[in-house]
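Student: All chains should be modelled from the sequences, with the hints used to inform the complete structure.
There are 4 protein chains.
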Amino acid sequence: MTFASDNWAGAAPEILEALSKANEGAVSAYGTDDHTKRVEARFSEIFERDCAVYFVATGGAANGLALSVLSPPYGMIFCHEESHVQMDECAGPEFLTGGAKLIPVAGAGGKMTADGFVKALKGFPHRPPHGAPPAVLSLTQATECGTLYSADELKALCVAAHEGGMTVHMDGARFANAAAASGASPAELTWKTGVDVLCFGGTKNGCIAAEAVVFFDLAMAKDFEFRRKRAGHLWSKMRFITAQFDAYLTDGLWLKLAAHANAMAKRLSGGLAAIDGVDISYPTEINEVFACFPGDTAEKMRADGEPFYPWITPGDPAGGRMNRLIASFRTTEQDVDEFLARVKQSL
Amino acid sequence: MTFASDNWAGAAPEILEALSKANEGAVSAYGTDDHTKRVEARFSEIFERDCAVYFVATGGAANGLALSVLSPPYGMIFCHEESHVQMDECAGPEFLTGGAKLIPVAGAGGKMTADGFVKALKGFPHRPPHGAPPAVLSLTQATECGTLYSADELKALCVAAHEGGMTVHMDGARFANAAAASGASPAELTWKTGVDVLCFGGTKNGCIAAEAVVFFDLAMAKDFEFRRKRAGHLWSKMRFITAQFDAYLTDGLWLKLAAHANAMAKRLSGGLAAIDGVDISYPTEINEVFACFPGDTAEKMRADGEPFYPWITPGDPAGGRMNRLIASFRTTEQDVDEFLARVKQSL
Amino acid sequence: MTFASDNWAGAAPEILEALSKANEGAVSAYGTDDHTKRVEARFSEIFERDCAVYFVATGGAANGLALSVLSPPYGMIFCHEESHVQMDECAGPEFLTGGAKLIPVAGAGGKMTADGFVKALKGFPHRPPHGAPPAVLSLTQATECGTLYSADELKALCVAAHEGGMTVHMDGARFANAAAASGASPAELTWKTGVDVLCFGGTKNGCIAAEAVVFFDLAMAKDFEFRRKRAGHLWSKMRFITAQFDAYLTDGLWLKLAAHANAMAKRLSGGLAAIDGVDISYPTEINEVFACFPGDTAEKMRADGEPFYPWITPGDPAGGRMNRLIASFRTTEQDVDEFLARVKQSL
Amino acid sequence: MTFASDNWAGAAPEILEALSKANEGAVSAYGTDDHTKRVEARFSEIFERDCAVYFVATGGAANGLALSVLSPPYGMIFCHEESHVQMDECAGPEFLTGGAKLIPVAGAGGKMTADGFVKALKGFPHRPPHGAPPAVLSLTQATECGTLYSADELKALCVAAHEGGMTVHMDGARFANAAAASGASPAELTWKTGVDVLCFGGTKNGCIAAEAVVFFDLAMAKDFEFRRKRAGHLWSKMRFITAQFDAYLTDGLWLKLAAHANAMAKRLSGGLAAIDGVDISYPTEINEVFACFPGDTAEKMRADGEPFYPWITPGDPAGGRMNRLIASFRTTEQDVDEFLARVKQSL
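Chains as they are written, first to last, in my numbering: chain A, 54 to 400; chain B, 54 to 400; chain C, 54 to 400; chain D, 54 to 400.
No wet-lab data here; the hints were simulated from the structure.
Just so you know, even glycine gets a beta-carbon here, dropped at the ideal spot from N, CA and C.
So, partial list: chain D residues that the calculated Cβ filter (under 8 Å) puts toward chain A: (1) A144; (2) E147; (3) G152; (4) A153; (5) K154; (6) L155; (7) G176; (8) P178; (9) A185; (10) I365; (11) T366.
If we take Cβ atoms under 10 Å as the criterion, some of the chain D residues that face chain C in the derived model are: (12) A75; (13) Y83; (14) G117; (15) F293.
Once the Cα atoms are required to be at most 25 Å apart in a straight line, the calculated DSS-like pairs of lysine-lysine come out as: (16) K353/B - K175/C; (17) K172/D - K172/A; (18) K309/B - K319/B; (19) K172/B - K172/C; (20) K309/B - K74/A; (21) K353/A - K175/D; (22) K275/D - K275/B; (23) K74/D - K74/C.
Tutor: Encoded structure:
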């Protein structure tokens with residue numbers, strides 16, 4: 054098993070079994086079935102609050118469609134300069150919102166600070182209609198750098214956003230890893246700190262293709278269903294997303310899978326840190342390790358068939374030398390140890 | 054098993070098994086894996102021509118994204134006034150193309166004639182930049198009314214489109230049913246008659262969520278991959294769409310499933326036609342039956358828990374009395390016979 | 054002076070003088086000046102109701118931006134199949150609304166009937182989110198065929214639209230001609246019959262580039278100012294649109310110019326009707342005459358340097374033989390009589 | 054005359070006279086007239102190269118439409134973080150391009166350096182289709198901070214952009230001021246240094262509403278005319294933009310007006326610099342002065358009816374204390390001296 058991406062891992066067996074089970078009988082299409090309604094209700098339990106929940110197949114769809122109901126088509130969306138919405142979705146949020154403007158904000162380790170956000174916001178004084186109005190603060194939990202916002206950090210950011218008349222979107226592609234690592238409840242990590250909409254990811258953590266857009270304020274969901282449909286993101290055989298979430302949320306599977314991946318990353322990070330010349334770039338708080346290897350170690354390993362990615366971003370603090378390693382629910386201790394051995398051989 | 058929609062049927066067992074099989078090992082993400090490349094190549098075999106193939110999860114995505122590379126954002130797309138792109142995608146093609154204009158064309162039984170299309174086209178004389186330029190002719194095979202275009206009919210339409218400087222898109226959500234019913238080869242039904250791009254559907258015919266956009270002219274695919282990505286339609290764990298098509302295209306499964314559904318619809322249609330007072334609205338050429346029932350029979354059946362849809366469209370020839378019944382790969386002879394019995398009881 | 058288009062006429066002298074007068078002194082930009090506020094208020098007087106008024110330079114901008122605040126980006130806009138928004142704006146409404154769907158409705162002489170509209174609407178049963186929701190009825194007064202809706206006809210259409218949960222947009226590029234011809238008050242032709250938003254044209258009737266979007270329900274204007282700005286339609290030196298409207302609305306100039314153009318068209322139409330073999334296609338109710346000439350008369354005249362346009366549209370009742378002739382505020386009786394003489398010479 | 058904005062000045066008398074002169078006779082619409090063709094040809098003379106020229110009424114339209122033909126809808130457009138396209142067009146470029154992503158780049162005095170641009174570009178490694186492809190470098194000459202790029206600075210930037218497979222757009226809303234100040238030829242400031250498209254502004258420098266989009270590579274203009282039309286930016290009575298440019302380009306009027314405005318700003322800047330406690334923030338190279346006043350001087354002056362704007366931007370080096378003062382073709386020496394006197398009184 055490689056450390057290239059948690060997307061390279063397949064699906065957890067429980068997820069596949071759920072698909073087979075869900076296949077029985079005729080079921081009404083497009084999410085109007087009872088099973089889907091029940092799974093939607095599960096989110097309200099887990100988040101301790103009435104939620105409006107919409108299922109889609111990809112994180113890009115979840116983020117872009119969520120943003121499209123939070124921002125007018127001419128609004129400004131503030132996000133970290135290394136965030137997925139800014140760097141990895143081929144201008145998807147700009148497209149799906151109908152033209153909103155993303156404002157990248159710098160911050161160490163993939164995290165914005167409340168001060169940093171407020172300072173960025175001040176650069177855009179209120180001048181309607183010349184300046185696009187600030188509409189959304191988009192946070193990523195866990196971040197693209199594998200770090201975590203504490204509940205207090207989130208709270209400060211959300212307060213600042215709400216004071217500026219903005220709503221708060223959370224990209225939770227690795228929300229499970231964040232929840233497992235922090236021990237905080239899903240509610241504490243979201244609406245209790247001020248998050249308005251969460252894109253709750255399943256795909257990277259053992260699902261096939263399953264993402265849920267969770268609105269904590271039902272009124273805010275407004276016309277999501279129309280926007281999902283016209284963008285081609287409404288599944289006819291919705292039961293096959295529903296079933297994934299059914300299994301994922303049963304008996305805490307989502308947290309178990311994430312906790313395992315997190316532990317494997319910790320093991321990897323610890324092992325790497327003990328190797329002379331290897332630098333761990335960011336604290337390893339979830340299932341991602343960012344590391345600089347000495348000399349041409351990384352290049353040699355890639356040439357030898359170890360497919361992990363270099364990690365170059367705006368504001369790159371490592372001058373192009375950083376690498377990203379991701380553990381998944383499938384990673385074993387043996388995988389980690391073999392990788393560590395290969396690093397040592399390649400020094 | 055109901056006759057509400059082929060979307061209400063689940064997935065064929067072969068499809069689900071393929072998913073489990075595909076789950077083994079680490080596989081590179083986003084469709085860069087070898088398995089995906091091999092399945093893409095299968096399309097070239099089946100269509101007897103080098104194809105550029107892209108996988109997505111829904112028919113709305115396939116159609117809209119295909120149209121977005123065929124039409125400039127200010128182009129005109131001619132389609133049947135009852136077509137899915139016009140009636141059922143919540144203005145998705147307008148959105149995904151960035152603003153193209155759909156021009157609905159009338160025609161009996163869901164079919165445009167070449168004459169009807171040419172006459173419609175003549176209503177839009179060449180007046181750049183005032184009139185939007187005609188860019189695409191979008192055909193549906195089989196049609197929304199469950200009818201088939203013959204190869205000759207298609208050829209005449211494609212010739213007219215190409216003479217007008219347009220390309221031809223085919224919505225093949227039920228292409229399998231068309232191929233199974235006509236006996237014509239996939240090539241004969243597409244590029245040999247002049248079709249430039251086919252949206253080849255799997256979902257309605259036993260897949261979970263699997264659609265392929267097939268370009269017969271490789272150059273025409275241009276920037277499809279960017280458009281798919283930014284719209285949130287690129288799966289990270291692409292192997293799980295690939296696997297569906299792998300099974301679907303193996304040993305002619307796609308044609309077997311479609312042929313069965315077609316046969317069940319024929320049985321249903323024949324049975325209904327023999328009931329006094331029932332009118333079959335369109336010839337039953339694939340797996341769909343359109344029928345008018347006498348008096349309040351349809352309403353009674355729906356009240357008794359038979360969930361089939363009334364069928365009201367622009368140019369509705371039945372004054373709002375038509376109903377749509379769809380058989381699927383899962384429909385049994387017993388299902389058909391029980392339904393016929395229920396009709397008789399409800400007269 | 055030709056009959057090719059009222060756009061070929063320049064500007065009325067009063068309009069040009071107003072520009073010079075408005076040029077004095079420093080004036081705050083982007084429409085925040087007092088002069089602009091005063092002219093906006095004039096619209097409230099003329100329409101006998103508090104209005105929200107926004108100025109732009111072209112009819113395409115006025116229509117598209119008005120529709121963009123009335124329709125969600127996935128809404129349906131019903132319009133006549135020969136209307137300007139459908140035929141002449143290069144898919145501008147689709148673009149400016151972010152992807153709304155225009156539904157063309159047939160009707161004799163450029164006019165929809167309430168029955169025709171209701172019938173068209175019935176073809177799109179309520180099926181959220183599959184069908185795009187009907188959002189706007191767009192009417193043109195006077196129509197593209199130079200005909201007029203009576204206040205009663207408008208009322209019936211507006212009632213039907215409102216009953217369907219839709220708002221009513223009026224393209225009034227030639228509203229002045231309609232008002233002058235009908236003798237009805239501006240209020241009677243608009244909000245008193247149920248029109249929600251009027252695009253009040255000045256350009257075709259003697260202005261340089263001046264169109265006003267007039268909202269009769271202030272709340273409906275919502276975010277127009279943001280949409281105008283981001284589309285590049287907010288003038289920095291707004292006083293130069295304002296000044297045009299100031300002159301245009303003073304001493305009834307707008308109605309005088311239109312009445313003259315109407316009268317010249319009547320004279321032309323009467324003269325043509327008296328020529329053997331010439332058919333007047335539509336009643337000449339404003340400043341436009343639609344006529345079929347015998348044999349190759351039209352072609353001969355065009356070859357001899359008379360630049361008038363053939364008029365071919367969807368549902369063309371004249372088989373491609375119709376021509377459009379437009380009088381303007383500048384047309385003289387002598388222009389008309391010379392044209393009639395040339396027709397006779399070209400028979 | 055205030056120093057709030059050059060947009061507050063009206064039009065030069067020559068421009069208004071040209072309008073009256075252009076008003077004679079019938080002229081074909083939408084820019085198809087001979088006069089327009091002749092004025093388009095004038096641009097080719099002035100720029101010493103065959104150009105494709107398109108006229109619009111606002112700078113926002115010129116920039117957004119130019120960018121829409123240079124960038125795919127999912128492309129990245131690099132621009133200065135204080136540029137007009139980023140700060141002042143209400144997300145217009147995002148809208149008019151159909152969703153392109155603007156990447157703000159920092160740089161002192163409103164200018165990017167080639168090194169700064171290359172460094173920013175390196176933050177976005179080639180990862181199709183995940184990362185949006187870099188498509189356009191957008192430069193502003195003169196800049197929003199009233200500074201100038203030298204021909205060498207431009208050349209270095211254009212080389213870097215072209216090496217990265219990008220094209221170069223120049224926002225020339227104050228290009229006349231740049232040309233007048235630098236003494237360089239229009240060709241030297243544009244295509245000879247590598248600029249592909251120039252938005253040549255007239256409005257801020259004495260026109261009413263006149264901007265020209267000038268493509269130096271004819272092929273690059275591609276579908277501009279369709280994009281202009283559908284966005285509502287094609288004037289029917291085009292002669293009234295043409296006429297403005299005719300006068301503007303005759304006898305060097307454009308350079309004379311700009312040179313005067315530049316000189317007045319120099320006088321103002323010099324006078325301010327001599328006042329104790331006043332800081333000039335950026336070199337005064339065109340008609341804009343950026344200054345910090347001591348204590349509450351600026352607030353007092355504004356309260357006393359001097360309408361100049363505070364200047365707060367991302368990366369604001371003055372902590373919110375900067376003010377912008379703009380001279381225009383209409384500013385007199387007396388205006389400058391009176392303003393200086395008022396500053397002294399308000400200290």
